[in-house]
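One letter stands for each residue in the lines below.
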Amino acid sequence: MTTLIKNGTAYLNGKLQPRDILIKKGKIAKIAKTLPEKAERIIDAAGKHVFPGFVDLHVHLRDPGQTYKEDIVSGTRAAAHGGFTSLCAMPNTDPVVDNIATVDYIQRRAKDLGYARVYVIGAMTKKSEGLEISEMATMKSDGIVAVSDDGNCVQNAKLMLNAMRYATNFGLPLVIHAEDYNLAGKGQIHGGRIASQLGLSGLPGLAEEVIVSRDIMLAENTGSRLHIAHISTARSIELVRQAKDRGVKVTCEVTPHHLLLTEDACLGFDTNTKMKPPLRTEKDRLACLAALKDGTIDCIATDHAPHADFEKVREFDQAPFGIIGLETAFCALYHHLVKTGELGLQRLAEALTSAPSKIFGLPPAELKAGNPADLNIIDLEASTTFSEENILSKGKNTPWLGQTLAGRVLYTFLEGRITWQD
Amino acid sequence: MESTPQFVGRSLFDLDDYSADEIMYILEAAQGMKEINLREYKKIPTLRGKTVCTLFVEDSTRTRMSFELAANRLSADVVSFQASVSSLSKGESLQDTIYTLGAMGIDLYCIRHRSPGSPQLVNKYSGKPVINGGDGRHAHPTQALLDIFSIWERVGELKGLKITIVGDILNSRVVRSNLIGMKKLGMQVTVCGPRTLMPGSMEDIFGCRVEYDLREALRDADIVMGLRMQLERMTEGLFPSLEEYSKHYVLSKDTIKFAKKDALIMHPGPMNRGVEILPEIADSSQSIIVEQVANGVAVRMALMFLILGGKL
Chain A
1 MTTLIKNGTA
11 YLNGKLQPRD
21 ILIKKGKIAK
31 IAKTLPEKAE
41 RIIDAAGKHV
51 FPGFVDLHVH
61 LRDPGQTYKE
71 DIVSGTRAAA
81 HGGFTSLCAM
91 PNTDPVVDNI
101 ATVDYIQRRA
111 KDLGYARVYV
121 IGAMTKKSEG
131 LEISEMATMK
141 SDGIVAVSDD
151 GNCVQNAKLM
161 LNAMRYATNF
171 GLPLVIHAED
181 YNLAGKGQIH
191 GGRIASQLGL
201 SGLPGLAEEV
211 IVSRDIMLAE
221 NTGSRLHIAH
231 ISTARSIELV
241 RQAKDRGVKV
251 TCEVTPHHLL
261 LTEDACLGFD
271 TNTKMKPPLR
281 TEKDRLACLA
291 ALKDGTIDCI
301 ATDHAPHADF
311 EKVREFDQAP
321 FGIIGLETAF
331 CALYHHLVKT
341 GELGLQRLAE
351 ALTSAPSKIF
361 GLPPAELKAG
371 NPADLNIIDL
381 EASTTFSEEN
391 ILSKGKNTPW
401 LGQTLAGRVL
411 YTFLEGRITW
421 QD
Chain B
1 MESTPQFVGR
11 SLFDLDDYSA
21 DEIMYILEAA
31 QGMKEINLRE
41 YKKIPTLRGK
51 TVCTLFVEDS
61 TRTRMSFELA
71 ANRLSADVVS
81 FQASVSSLSK
91 GESLQDTIYT
101 LGAMGIDLYC
111 IRHRSPGSPQ
121 LVNKYSGKPV
131 INGGDGRHAH
141 PTQALLDIFS
151 IWERVGELKG
161 LKITIVGDIL
171 NSRVVRSNLI
181 GMKKLGMQVT
191 VCGPRTLMPG
201 SMEDIFGCRV
211 EYDLREALRD
221 ADIVMGLRMQ
231 LERMTEGLFP
241 SLEEYSKHYV
251 LSKDTIKFAK
261 KDALIMHPGP
271 MNRGVEILPE
281 IADSSQSIIV
291 EQVANGVAVR
301 MALMFLILGG
311 KL
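Residue numbers (my numbering), protein chains in the order written: chain A, 1 to 422; chain B, 1 to 312.
Honestly, the hints are just simulated from the structure, not real lab data.
No experiment lies behind these values; they were computed from the predicted model shown.
Just a few of them, taken from the derived set where beta-carbon distance is under 10 Å, the chain B residues facing chain A:
(1) H113
(2) R114
(3) G117
(4) Q120
(5) D135
(6) A139
(7) N171
(8) S172
(9) P199
(10) G200
(11) I205
(12) F206
(13) E236
In the DMTMM-like style, the derived pairs of lysine to aspartate or glutamate whose C-alpha atoms are separated by at most 20 Å in a straight line are:
(14) K247/B / E280/B
(15) K260/B / D213/B
(16) K186/A / E232/B
(17) K396/A / E311/A
(18) K43/B / E28/B
(19) K34/B / E68/B
(20) K15/A / E366/A
(21) K186/A / E236/B
(22) K257/B / E216/B
(23) K253/B / E243/B
(24) K253/B / E216/B
(25) K27/A / E40/A
(26) K124/B / E311/A
(27) K27/A / E366/A
(28) K184/B / E157/B
(29) K34/B / E291/B
(30) K124/B / E388/A
(31) K186/A / E58/B
(32) K42/B / D77/B
(33) K311/B / D77/B
(34) K90/B / E311/A
(35) K283/A / D204/B
(36) K124/B / D270/A
(37) K159/B / E28/B
(38) K184/B / E28/B
(39) K124/B / D309/A
Just so it is clear, CB atoms sit at the ideal spot from N, CA and C, and this is done for glycine as well.
Generate the whole structure from the sequences, applying the supplied hints.
Written as structure tokens, this is what we have:
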């Protein structure tokens with residue numbers, strides 16, 4: 001089937017320009033200022049934007065083992081709804097992704113369903129327990145793109161050093177969730193002003209920063225590729241900036257919520273403001289935004305973490321950490337940062353497409369003849385109201401529930417097939 | 001005396017929801033209630049037919065008794081829900097518990113829970129007013145009201161009074177609520193304790209003075225309040241021993257002399273005699289610790305009376 005997308009504004013070579021795009025046999029066949037209206041399906045995208053399919057390096061699909069929270073069907077459909085065509089699945093499932101059977105299961109299931117490309121991140125240590133390194137090389141030959149113990153953090157520096165040496169031997173980047181357990185304690189929200197006020201235990205910025213600092217030093221020593229997940233403090237960012245200046249192979253991502261919200265959001269005890277790392281101070285938020293603009297932060301990742309209502313709608317300190325993000329990411333960022341002039345649309349697009357794909361060496365997320373036709377069409381003039389009914393993820397745990405945000409994903413295409421249509 | 005519409009059906013999560021005038025109104029109502037408690041027959045029929053539930057997910061005999069006595073003296077029916085012997089210990093969620101209780105026709109909940117913010121949840125699930133009887137380290141507004149009542153009754157004018165609160169500030173819900181209430185009524189509050197037991201940004205959040213040296217903190221205080229020091233904080237590495245804590249922070253004849261002569265001595269109880277306070281101070285003529293307990297019943301009666309729309 002051939003599809004022609006007419007009159008849209010395409011994000012192409014880092015710029016927004018009017019282009020027609022012809023899709024043939026799952027690939028982008030032609031991109032030009034005007035293409036003849038000869039195709040089986042013609043979509044008039046006048047006044048709409050066409051982006052390469054978004055790429056999310058940080059998603060919890062919960063499958064296998066916790067499919068009451070999310071499964072590969074609902075997770076990848078949610079991705080398509082949010083304009084995403086590629087995502088990396090974190091290994092903290094049950095069982096943990098530390099073996100090829102589980103890697104195979106996720107890859108095959110996602111492929112059969114066909115809503116999104118799912119790349120698997122393997123566990124860094126067996127069962128992500130932080131005691132022994134996993135069979136990374138075996139999993140690598142089966143297709144994993146990185147290793148991580150996300151949700152957990154290897155506390156033993158010697159083990160982390162070995163994991164880095166070993167992963168680097170097989171060309172695997174390492175993704176860290178930076179959290180010193182002793183400093184974090186039973187912390188519920190950022191260890192700052194609001195924690196003092198509400199009597200909740202604090203997760204201090206230091207708990208993140210000492211591990212970021214440690215792992216940068218270890219990466220510098222081993223020459224490994226270190227990717228810091230969901231960076232959240234000004235001091236962590238400063239550490240990354242200095243490391244990059246020294247030539248350390250470190251990259252990092254930031255979540256939409258750390259770019260948009262602060263600890264003040266926790267004042268009403270809404271458990272949809274509870275996640276790790278926690279929402280920080282306004283100073284930290286502004287540092288995240290500035291670092292995203294200057295490239296110190298490489299990309300945006302959602303840390304999509306679905307939970308069931310019965311888990312999340314309860315006493316604040318007994319609710320699990322995490323919020324969903326795939327469906328709200330673009331609209332929330334566009335609404336609160338691009339429309340207000342704080343962030344350029346081009347940089348937002350880059351941080352959701354080519355920038356993340358580069359980090360793990362995924363196929364480049366670019367609109368280019370010959371590339372797979374992974375793309376989305378978004379109406380920036382329209383808006384989306386997020387409700388329990390229209391969120392496709394099984395998790396409805398988002399601070400943007402019930403809110404109307406600018407931007408509406410009209411279509412998402414994966415290899416020329418429509419995976420989401422408004 | 002009569003309740004006014006501004007109180008009827010309203011919850012008390014913490015004192016920040018109440019204006020200075022409203023707090024004073026509650027104190028005046030409590031004075032009326034105190035008179036009832038001194039009668040031979042300590043009961044009035046005003047809340048007959050109303051049902052009050054004391055929902056204690058964290059154990060506390062004293063506070064629960066105080067709430068239940070208050071409800072009984074106003075002739076409300078009281079049902080008592082204790083987590084340790086209830087469905088909550090069998091894994092039922094708070095939400096389901098409230099739906100179950102709601103079906104039985106509860107008019108007012110008095111809740112104690114270890115999780116900050118849970119009174120708001122109970123209000124959300126039940127649609128009924130809730131009095132917070134202590135939620136984790138967050139708030140304990142009825143304790144603050146009875147503390148303020150006790151001072152007001154003794155001293156009269158609250159504005160400009162200097163109070164020093166000493167001890168484990170970090171883990172104290174009593175301090176947080178008192179800071180909000182006392183500040184609203186124009187008192188000057190100093191909090192004192194070792195740095196490891198002092199939360200950050202206290203001056204910013206509550207407009208109080210933070211002092212780490214006890215003698216300095218007590219200087220010119222009109223009122224001194226001690227807080228219970230819990231042994232378990234030692235295992236958390238927050239201080240080395242009760243003995244060392246006591247050496248630096250105990251309220252004794254020696255230290256209390258830095259405060260104003262005849263300064264009032266308070267403590268929310270239960271006391272660790274010999275740790276944060278010596279008997280020579282706890283039992284002195286300056287001490288109003290026992291009065292605080294009596295006033296607790298009166299203040300809780302006043303709140304139930306106002307919230308449930310009572311008439312005298």
